[in-house]
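> Based on the hints, put chain B in the right spot on chain A.
Protein chains in written order, with our numbering: chain A, 1 to 186; chain B, 1 to 335.
The set of hints was computed from the structure by calculation and includes no laboratory data.
One-sided and incomplete, this derived list gives chain B residues near chain A with beta-carbon spacing under 7 Å:
| no. | residue |
| --- | --- |
| 1 | Met258 |
| 2 | Pro259 |
| 3 | Pro289 |
Derived SDA-like pairs: lysine to any residue, alpha-carbon spacing no greater than 20 Å straight-line:
| no. | chain 1 | residue 1 | chain 2 | residue 2 |
| --- | --- | --- | --- | --- |
| 4 | B | Lys65 | A | Gln8 |
| 5 | B | Lys65 | A | Ala11 |
| 6 | B | Lys65 | A | Arg36 |
| 7 | B | Lys65 | B | Arg178 |
| 8 | B | Lys65 | A | Tyr42 |
Every residue, glycine too, gets a C-beta built ideally from N, C-alpha and C.
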Amino acid sequence: MTDQVKEQISALVDDALPQQERSLLLARMVSDTTLRETWSRYTLIQDALRNHLPERVEPGLSQRVMAALDAEADHDRSGTARPRFAGWARPLAGLAVAASVAVLAVVMFQPGDPGPGTGVQVADAGAPPVAEDYRRVDTSQWQGQQAPVSERLNQYLVNHNEFAARNGMPVVAPHVRIVGFDQERR
Amino acid sequence: MSRRPRVPSFPAASRIPRWLALLLTAALFSQPLAAGEAFDWLDRMSAAIHDLNYRGTFVYQHNGKLEAMYIVHRGGEDSRQRLFALSGAAREVVRDQEGVTCILSDSKAVMVDRSLPRGPFAALPRDLEQLNRYYRFSLGGTDRVLERHSRVVVVEPRDDYRYGYRFWLDREHALPLRSALVTAAGRPLEQMMFTQLEVLEQVDDAALRPELGGEHFTRFEGPGPDTEEEVPAAAGSDWEFTWLPAGFELRGHNWHGMPVSGQRVEHWVYGDGLATVSVYIETYDETSPPGLQGLSNMGAVNAMGRTLDGHHVTVVGEVPAETVERLAMGVRRND
Numbered sequence: 001m002t003d004q005v006k007e008q009i010s011a012l013v014d015d016a017l018p019q020q021e022r023s024l025l026l027a028r029m030v031s032d033t034t035l036r037e038t039w040s041r042y043t044l045i046q047d048a049l050r051n052h053l054p055e056r057v058e059p060g061l062s063q064r065v066m067a068a069l070d071a072e073a074d075h076d077r078s079g080t081a082r083p084r085f086a087g088w089a090r091p092l093a094g095l096a097v098a099a100s101v102a103v104l105a106v107v108m109f110q111p112g113d114p115g116p117g118t119g120v121q122v123a124d125a126g127a128p129p130v131a132e133d134y135r136r137v138d139t140s141q142w143q144g145q146q147a148p149v150s151e152r153l154n155q156y157l158v159n160h161n162e163f164a165a166r167n168g169m170p171v172v173a174p175h176v177r178i179v180g181f182d183q184e185r186r
Numbered sequence: 001m002s003r004r005p006r007v008p009s010f011p012a013a014s015r016i017p018r019w020l021a022l023l024l025t026a027a028l029f030s031q032p033l034a035a036g037e038a039f040d041w042l043d044r045m046s047a048a049i050h051d052l053n054y055r056g057t058f059v060y061q062h063n064g065k066l067e068a069m070y071i072v073h074r075g076g077e078d079s080r081q082r083l084f085a086l087s088g089a090a091r092e093v094v095r096d097q098e099g100v101t102c103i104l105s106d107s108k109a110v111m112v113d114r115s116l117p118r119g120p121f122a123a124l125p126r127d128l129e130q131l132n133r134y135y136r137f138s139l140g141g142t143d144r145v146l147e148r149h150s151r152v153v154v155v156e157p158r159d160d161y162r163y164g165y166r167f168w169l170d171r172e173h174a175l176p177l178r179s180a181l182v183t184a185a186g187r188p189l190e191q192m193m194f195t196q197l198e199v200l201e202q203v204d205d206a207a208l209r210p211e212l213g214g215e216h217f218t219r220f221e222g223p224g225p226d227t228e229e230e231v232p233a234a235a236g237s238d239w240e241f242t243w244l245p246a247g248f249e250l251r252g253h254n255w256h257g258m259p260v261s262g263q264r265v266e267h268w269v270y271g272d273g274l275a276t277v278s279v280y281i282e283t284y285d286e287t288s289p290p291g292l293q294g295l296s297n298m299g300a301v302n303a304m305g306r307t308l309d310g311h312h313v314t315v316v317g318e319v320p321a322e323t324v325e326r327l328a329m330g331v332r333r334n335d
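Bound conformation, chain A alone (with noise of 0.2 Å):
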């Protein structure tokens, strides 16, 4: 994704966004997931930038707000008449719940739930983890690195914030890469 379409992703959300570009933008959210997550983002960021954060999400309301934008979509495309960008503020507005919520209503997830993500291969937990597993942690990025390097790095580095904690510099949260850097975003 160029910088371009990130400043223009970063301006719909502030609606600030010319008609004619949002227009063109829109349309191509319709079919890019990334455009749609990184909107997401943004959206999240501003909105805790706003202190608008839910701080809980009902699950399953993700599949329903999907389902309402594939709708919202279907009945665009059908070409019925009504004003373009007031079609698309609702169904904008559902995937940024949808977004935000595929990432918190996982937070929701109660043991036995079998929750998304299923056809996941599944050792028993305290099971002696095995060679392959090391796929499993690798899910932070470390420039330019392979899954089992990044997983013994990883290891690595969670270990060493604890000691860096405790002997350097305090911060608030040690372990803020480990949880932010993402591998999908490579």
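Quick look at chain B alone, frame taken from chain A:
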């Protein structure tokens, strides 16, 4: 009538206007005074971070990206902290005096590390004189963050082997409402800023309990350290370090198992009181999972890896790349 003799004054002083003399005196003493005051603020910050109960939402900026996170912290004897992502992948970290639990929903894994230093979260080293050799401490005025008055504290490194810091400390509680990690040249590398923060009377256990996880998550838990106490550097080690940044001293040394691989690793911690690096050395052969070769980084954290005499050496720390590289290349095996 004879006049009383005038008390002679210093000729030079008599030619300097009083206002200029005062200014020069102020300039002469203001530097160490400001450094002391800045350090006092950092000391207050350290106590606030560890001792207070608080919860809040903050944004974390790195490499042009922004992430939103939520933190809840219980201070004091029974310290416990929970941090989770509000944007990006759902991840959660809970830390207490027993260890760190990382719950990673994107890899359906729970990683528990109990090989940590014992005791409560530590306070800032109190040796300002020592730290002054490697950093300049100053006050950067006042600012408003979160609609609260904050005191800006600036910590600048005196060489290129460590980073600097900038803190916006809440005037009332001394919690960092905003902070930035900067290079020796003053370029910001990472920043975090609270967008909402509450200091609380108490934090319930429920608020500190992780919500991610469950039976469909794989749990990895490594053995703890070989001993509860840190081991002196020379005791039983085959390794030595031929280069360290000025002021870096040994802060910890032990052997422990890694959570996922279970691999036993020898671990050194070196630091100057603010910057800290870890050196991990483990046996290494063709059956071992691959280790880092060369440099890598995760934001401002740099790492350097190399193989040496059937072992793998990894140096990790929130320091510039040159620091971890020189340190790793200076590792030698004792004959």
